[in-house]
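> Read off the chains here:
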Amino acid sequence: MPDLRPFPALAARKPLASSRIRLSALPEGTILQMIAGPQTPGPVDGLERLAAKTGLALRAISPGQWLLVGDRPTPYPQACRLLAALEPHASGIDQSHGRVRLHLEGPMAATVLSKGTAVDLHPSAFAPGHTAATLVGHVSVHLTRLDAEAFEITVLRGFAEALWDDLALMCAEFL
Amino acid sequence: MASLVPCPHCGPRPKEEFTIKGAALPRPAPTADPAEWFDYVYLRDNPRGSYAEYWHHTAGCRRWLVVSRDTITHQVAACRDAAAQGHAA
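Line by line, the protein sequences are chains A and B.
The first sequence begins at 72 in the working numbering and counts up one residue at a time.
The second sequence begins at 1368 in the working numbering and counts up one residue at a time.
Since the hints were derived computationally from the structure, they do not count as laboratory data.
30 Å max Cα-Cα, derived DSSO-like pairs, lysine-lysine:
#1 A/K186 / A/K85
#2 A/K186 / B/K1388
#3 B/K1382 / A/K186
Just so it is clear, the structure is predicted and the values come from calculations on it, not from any experiment.
Chain A on its own, in the form it takes in the complex (with noise of 0.2 Å):
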């Protein structure tokens, strides 16, 4: 068998960092998209009792669907597992390979994705732990408020570089 080796969407983009803003690409862990039925009311509990054994962080997308993510890779039997402990309520599809996590953090964070965004990212109306699927600029992203001054935005990995570039044009004025 020919030599697997990871080969992250952003190995060449180097982390961008100042004392007011820094964007990095996280580690290509695990990212689980679940998907309820449509005869199920919720598989909410269910899901944050597998996120909580897991060690992954559940992430709501819209109604019905969500997204398990990590740092860590979850071996194939494993996600196998994880998948199947959730039928009939919800199926889930393996996106680790088809999605790139990014972290941006700083006092300027929210600054410079309302550039790109027009979802509202004050702290009153989109709190730590928010999420939401939105565009910046043209790309399809899912945001989510980590902390006061740190987002993760995941995003399709055939457009991780370019919404880099994108995001790296709009941290430019505080680096």
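Take the given structure of chain A and dock chain B to it, following the hints.
Structure of chain B alone, referenced to chain A:
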């Protein structure tokens, strides 16, 4: 303004995040007259005033919504999930 659409799942979002399908019309019965189906598929009223349309929140929750807006003032009167009970499709 219709440029900010109050998505019932995501809150106010700009129209750039949405794809408009067109008028939300009552679907004829499968056995209905071909003329009635032709009307349903091809003919549109283009009203001046209130209009109900299917909008897809493509860059957000990806749900189909029914947006009721005024074509003169662009004011959005209501916006609900197309799967919600009792929508006047």
